[in-house]
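Asker: If you want the building blocks of each chain, they are given just below.
2 protein chains.
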Amino acid sequence: MKIGDQYYQSLWVKENDPEIIQIIDQRYLPFEIKIRNLKTPEDVSTALEDMFVRGAPLIGVAAAFGVYLAVLKHRNSRNINFKVKQAAEMIKKTRPTAVNLANAVDRMVKITEKATNIDDKIQHTFDAAQNLMREEVNACRKIGEYGIKIIKRISSNKGRDPVNILTHCNAGWLATVDYGTATAPVYLAHDKGISVHVWVDETRPRNQGSRLTAWELGQHGIPHTVITDNTGGYLMQKEMVDMVITGSDRTALNGDTANKIGTYLKALAAKDNNVPFYIALPSSSIDWTLKKGLNTIPVEQRDQAEIHYIDGLSDKNIIEKVRITPQFSPALNYGFDVTPARLITALITERGICKATSKGIMKLFPDKLLS
Amino acid sequence: MKIGDQYYQSLWVKENDPEIIQIIDQRYLPFEIKIRNLKTPEDVSTALEDMFVRGAPLIGVAAAFGVYLAVLKHRNSRNINFKVKQAAEMIKKTRPTAVNLANAVDRMVKITEKATNIDDKIQHTFDAAQNLMREEVNACRKIGEYGIKIIKRISSNKGRDPVNILTHCNAGWLATVDYGTATAPVYLAHDKGISVHVWVDETRPRNQGSRLTAWELGQHGIPHTVITDNTGGYLMQKEMVDMVITGSDRTALNGDTANKIGTYLKALAAKDNNVPFYIALPSSSIDWTLKKGLNTIPVEQRDQAEIHYIDGLSDKNIIEKVRITPQFSPALNYGFDVTPARLITALITERGICKATSKGIMKLFPDKLLS
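Protein chains in written order, with our numbering: chain A, -1 to 369; chain B, -1 to 369.
Watch out, some of these pointers could steer you wrong.
Copies of the same chain look alike in the list, so a pair counts if it fits in one copy or across any two.
Stated by the list, open to error - SDA-like, lysine to any residue: derived pairs with alpha carbons at most 20 Å apart:
1. K319 with Y307
2. K140 with G358
3. K236 with E298
4. K0 with Q325
5. K108 with S282
Treat the hints as calculated values from the structure; they're not laboratory data.
Sequences are here, hints too, so could you generate the full structure?
Answerer: As structure tokens, this is what we get:
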């Protein structure tokens, strides 16, 4: 998507140097656009763990390139397969919840091991990572094409009033490679002249909503309003929300969905107020091995410093970190919660819209289930 | 309650100078304890509007002293009743949601008008404000005595494990004059040696939870953990919450309760996970004129700057304000939501615990309903 007039992805292979992966370092947004080079699997590991890049689909793509960079790093090693596997394990440990990560890494390790000479290992892992990136972009575009139908339907009932869409966290192009998952239908609707307005949940503690989603939407010219995570329920009580769309970090076969902490609360409020609640996700975020998600999907616990400190722009236009809690108070920082399928109106995938049930998912992805 | 070893209220009459009301300016907590003098009704108005003091019961008490200060200010005016009424209107406009404010101010204006000479006006308004303050302190203590029974019952089922209590916003002694409403049972339980632990919702955008409640509890030595507002639902899914207690800014006769924005989301999660959800409130927060609360209680909309900017302690130990949203993004800042009575397990009042229904409330307060 665009930043100002320039087209960007959240991650790309450096022009004229395929041994360098470039990313937007999202820790500095919306205050600064910093491009960073990733040259080693360790670089990728740090970028994932410290969330230079985040969002399940982008995590998967970055991790895939991480394995490719591990192959490059160890190209002269006699036990390259072992070294790459070690690097892969390191990368896998960085973010336990998003299923895209483990899936992408495992696939890449297999490709590495299958190739018998170093040139093939390099070429095949590079191609596979590139393919995954293209697949994710295509999946997001398709999600947008299916999701726009829902927005159109609501819009035609509302006349000239904008369709009010609430989203939590960032499932935008910064969380994928392009378009986004939850935002793809919104971008497409806006581009087709359908009037939309997005309620952007701030998304504490890392504020991916106010820092990334609001910024993304603003760059694209989409009307939006930042609200605190506490506000969505009241807006629904006041009939100020027409639909909710969020992304997914991992969806089980029964439709239970792990997503950014707080998603479950919005799903409860949506149910209580008869507001449709959608999860937009590429099939790479479905865990084909998991029958149900509640109490089974591993939920990452992150550093409590993310709650104690916050970054912002000082009046001197410098990014400053300030402490916002009492010195003696501990904090607990879970990254995700699990929204039970019963609260989800439907899943919007690259193959269409389905019920958040095993039956619904099986109908769209019979091939995935067989594999 | 105590700050370190020293006993404090959130508001008091200055020793040896009854024409000055002193408060802890809560905008600087937990970083700095600033005492401020209020000498005029305008001082009180600013203190309410800019939230030097906040919390429904404390708002009522501060407003009552505000009318007394108006009487002092206009003691030489020929149309003193008119002037005091004007000042009262100014004070009433500062915070529309807490019913304590309008009730206290109206009562004080009547007392002013009833007294026929200036000495009586001064003495009677001073006495009435003092009485209200004492009533609020007593009510909080009684709420604690009734509420502790609930904690004891849970504790006896849990053995040595602490009772995990989730609270939202600050309904502590800083929100009242002493003890607090939601925190009163917690303080009393802790003092009696019952093991308790409090999950403190951060409470965006003004962070009354992490800034005030966590600080209060810490000063009193009560184990607590700060969590983001997004986290409570997940903790309930994991059975890490035994009960929820919050305060009330205004409770209608049917039990519907306006409280800090986000309370409704926690009530939904509590219901979904069979966690008991209590509202602790003095009867001064009940609106005896309101049959139901949903869509009737006025909900304050505050400055969007509260969402865009946040105060914290810099690494130089200075309080600094930073911008945390993109420059071009608007924000919407509702202060409260309304939790429907059906989600409330019971109300804990100064006269006992009752169902959140007209019947339940009428049984405890038959006299108030007649008046």
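Asker: If a hint holds in the structure, say so; if it does not, say that too.
Answerer: Now the hints, each set against the structure:
In the homo-oligomer, the alpha carbons of K319 and Y307 lie at most 20 Å apart both inside one protomer (6 Å) and across protomers (13 Å), since each shortest distance falls under that limit. Taking identical chains as interchangeable, the C-alpha atoms of K140 and G358 lie at most 20 Å apart only when both belong to the same chain, with a minimum of 18 Å there against 54 Å between chains. In the homo-oligomer, the alpha carbons of K236 and E298 lie at most 20 Å apart only across protomers (14 Å), although the nearest pairing inside one protomer, at 34 Å, exceeds that limit. Only between protomers do K0 and Q325 lie at most 20 Å apart by alpha-carbon distance; the minimum there is 18 Å, versus 41 Å within a single protomer.
For the homomeric pair K108 and S282, the shortest alpha-carbon distance inside one copy (17 Å) is at most 20 Å, but the shortest distance between copies (68 Å) is not.
No hint from the list above goes unmet by this structure.
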